[in-house]
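Protein chains in written order, with numbering that gives the first Met the number 0: chain A, 0 to 267; chain B, 0 to 674.
If you're looking for bench data, these hints aren't it; they were derived computationally from the structure. Since the model is a prediction, treat every value here as computed from it, not as a measurement. Heads up, the beta-carbon is just placed ideally off N, CA and C, and yes, glycines get one too. Check the hints yourself; a few may be wrong.
[Stated by the list, open to error] Incomplete in silico selection of chain A near chain B, CB under 7 Å: (1) 27; (2) 51; (3) 116; (4) 246.
[Claimed, not checked] The following residues of chain A were derived to be distant from chain B, with all beta-carbon distances above 12 Å: (5) 8; (6) 17; (7) 41; (8) 45; (9) 76; (10) 136; (11) 137; (12) 148; (13) 150; (14) 167; (15) 178; (16) 215; (17) 235; (18) 245; (19) 258.
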Amino acid sequence: MIDPDWSLIDLDPRTWRAIGRFFDPSQYIRAAQPGEHGLFVLHDGTRILRAVDSQTGVRYDLALDALGDRQALLERVYARGEWQRVHLIDKRHLAEVARTSQAMTRRDLTLDQYYHMVYQLLWNNDGGYLCLPPRPASWNGWTYMGIRAFVAQLPDAATVALGVLDGDELMIGLILELRGGLIRVVTTFEALGEPALVAVSSAAFEHLWSLLEQRSSVVGSPPPAAVLLCTKAAFETWLTADDKHAALERAAQSGTAYWRLQLPEAVC
Amino acid sequence: MSVTLTSNSLAIDGREVPVYSGAVHYWRLERARWQLILDQVAALGFGMVETYIPWSIHETAPGDYDWGQHDQRKDVEAFMRLCEERGLWLMVRPGPLINAELTDFGLPEWVLLDPAVQSRTAVGSLHLDAAWGLHPPRPFPVPSYASEAFYRYVGGWYDAVCPIIARHLAPHGCIVAVQSDNETCYLFHDQTYATDYSDDSLALYRHFLAERHGDIAALNAAYGSQYSDFAEVEPPRDCAINLRADLAWHLDWVTYKEHQITWSVARCGGMLRERGIVGVPIFHDIAFQQRSPLDVARMEADPMIDWVGMNMYRNKEDYAHVVEQMRFLAGSTRLPFVPELGCGIWSHHPLTPTPAEQELITLGALMHGLKAFNLYMLVERERWQGSPITRHGTLRPEYAAFYRRLTTFLHNYQLWRFERDRAILVLRSYDVGRYAAAAATLNYAHADLYGLPRELFTTEIELDLTWDALAEADEHRDDTWFGVLRQSLRAGALDYDLADTHIGDEHLARYPLAFLQAVDFMELADQRRVLDYVEAGGTLVIGPGLPYADPTLKRPGLLHRLLSSPGTSVIGRGRLIWAEAAQLPALLDALAPPAEFRCDDPAIDLAVLRNAERILLFAANPTDTARTTSLSFNRRRRLRGSWGMSETLDGDGAVSLTIEPYGVRIWEVISGDDQ
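Isolated chain A, as found in the complex (with noise of 0.2 Å):
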């Protein structure tokens, strides 16, 4: 999805101080959520070498002496109610992961596969990261193959454009570059050499797409084939919602959301 030569240019601050909150890969690997009370008991198999409780750092009064059965042991503990998740680390998974995605092959991957591969070794395992509650099975109902999906259905060459307002003050102006299914260049609406959008309105949203398609004719880049313009309450809600597509619906009946997805005939 994310071509090695990848080119990022005239990004705007204010969108990227918007969207910065994306860009660290941890949040759609780990178990562990921001801000949760958790307890990291970390074993070699054999015995329990360390427990951390995540506020009160490393505990000694929990009398994990042995390890046993791990998903006895990890009923156990959070049975304790002291914790909002408990993990179970075996120390030699996490070295396991570390030396099968440490290979030359993996060279030939895109970042993306790259992390989806250490989140599949991290996970696909018997036992080597157990945790109670379990980890979450997506990141606010995103998931990698959704969006591998989403991107193999825009043609072979396209662009795609976010753009949220916060009131009347751009917030994100986001355009995505992408030939045969890798993102190749990403800039904002900087680029488009317009002054910023104000409204989030069919005519702004019809304004956005023609200045796109402009820029497709004068600098040779993709025509538009997915642009969504919204406010910042309709992307949030977006952002979280179970069902996205129902709440991009309710956001256009109420006019704060604008889309268009021009799609090859064969996926339509």
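Given chain A's structure and the hints, the job is docking chain B onto it.
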């Protein structure tokens, strides 16, 4: 040398030139815009620029170089000439590693793919750079900085690039400093048992052991082992310290990693010198690390490295780190230098700095000792954002306005000539840092991605020490001796410098009063050095412990002979004071000269800078609320606003002031007599 370091600036043929520089990446900018962009740089008030010269961009196939013949943007010599035409000085950084958010970090692919070059991790894998916070668009195998094959490749690159640099060295040309490698530290995979276990690294490790111990019998005595040859010695691959006897083996590996980094930077520096890079300082930039495996004092003491700086990318919430880093550079280096001072940020950073944040961080650094800086990036380029000058040569007004004001202020006051009011040095125990490094575990790639608490990355060690070395090493804690000391200094509004026990004699001698963190152990040479300092007239306050041994706990120390319990001993012309943490506030009251200016709000950070009779007072509010406070001083004063407001404050003993959230104010202090 045509260009030399002073404590304030560069001296170019005897002329004082402050290092206020900005980064411009010529190869990423349209050739036709170079002149416009350099003119914009000069118009913003900068007299110096900096650029990498990236290996992989110029050596496009083994032995084939493009210096602009095929791609005009690669004509680095034309770029140098444009700098010279404009009177702009230039610092260059030819690698071999550069990062610069380039795919493969500026290293040619055929070099990376040579198995003889590649480093290996403790778990037997390659070391790919896509680990520990680095998220490049394509993983690459990290070179071993012990690889002889790597240095042969580097020699070829330097053979090609050094003649170009040499033709433009100051004073006749524009180049005033050259960097040796870049942020050398295993590409942030710097945990003790992470890497480098490649064959060449292990050979260097064994050579290091032979130099350190002299013969195998001495090593066996230290380790309690029975090796017949150094070639048999294997390094630790995780912390396995169960007994005191295990310490030496682990600490030798920790020390070897420090050695490997310094040796590598020095070797590249020597290779540059051999190829005609003479008459200008060779410098190195440390990413951010102040402890093992980075050894700033010893790196700067190496004859092949003239100058060591430390990069800084911080948001407003990191203000305390900015202050600490600057105190460390001021206390530890010849000319406090930030070779990459955040100006905008790389494209995968989670929080783009606002102009107000850049103002807070930059002024916060200046008020705590920053003398020389290079704004990275002054001119935007691909994979970067938030710079004052775009890649098209236009200004981002909201960012450019601050930098224009800044250069005006710096030059109007000649700020590089000002010195902070501080008489105190705080010394970290370098050995405490090594001990913590030896106790590391879970040094596996990607362990940083799992949201694990930091305490999980340390091994439980029970060696029956008198003082808790791991607690002292944890600078997040306020309940340690070191933590109490820093709180007490802050409470007293006392400014200070920071260094570690590897500090050189001359540096140490500048301070009449030093506070030294110590536990059971300290290198014997360092114990000797601080004792010399006391004998020469220094006052040294030490705690929580008084070392009775060397770091392996085998050889007896020197300092414990002088005191048997906390108290004071007069030694030579100075005093050694062993103090418990609870005694520190009172000791500071008794020993340190009182601060000339104080705020009744402890959240406000003050610094006083002097140049002869001229005094500048800085006040920073690193909080998210406006603070109104009383600033007190010892007599009638007028404070003429120099930054943040133009009005003059006038008071007899005190004035009231308000500072906006994350704001900085600067006043020129005018004595009552001058009114």
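Against the structure, the hints:
1. 27: violated (9 Å)
2. 51: Status holds, d = 4 Å.
3. 116: Violated: closest Cβ of chain B sits about 10 Å from residue 116 of chain A, beyond 7 Å.
4. 246: violated (25 Å)
5. 8: violated (5 Å)
6. 17: violated (9 Å)
7. 41: With a cut-off of 12 Å, residue 41 of chain A comes too close to chain B, as the shortest Cβ separation is near 6 Å.
8. 45: Residue 45 of chain A clear of chain B: closest Cβ-Cβ about 15 Å, beyond 12 Å.
9. 76: Fine: 16 Å to the nearest Cβ keeps residue 76 of chain A off the interface.
10. 136: Its Cβ never comes within 12 Å of chain B, the nearest being 17 Å, so this holds.
11. 137: Non-interface label on residue 137 of chain A holds, nearest chain B Cβ at 16 Å vs cutoff 12 Å.
12. 148: holds (22 Å)
13. 150: About 16 Å separates residue 150 of chain A from the closest Cβ of chain B, which puts it past 12 Å; holds.
14. 167: With a cut-off of 12 Å, residue 167 of chain A remains clear of chain B, as the shortest Cβ separation is near 18 Å.
15. 178: holds (15 Å)
16. 215: holds (20 Å)
17. 235: holds (17 Å)
18. 245: Given a closest Cβ separation of 30 Å, the condition holds.
19. 258: holds (25 Å)
In the structure shown, a violation is registered for the earlier hints numbered 1, 3, 4, 5, 6, 7, in ascending order.
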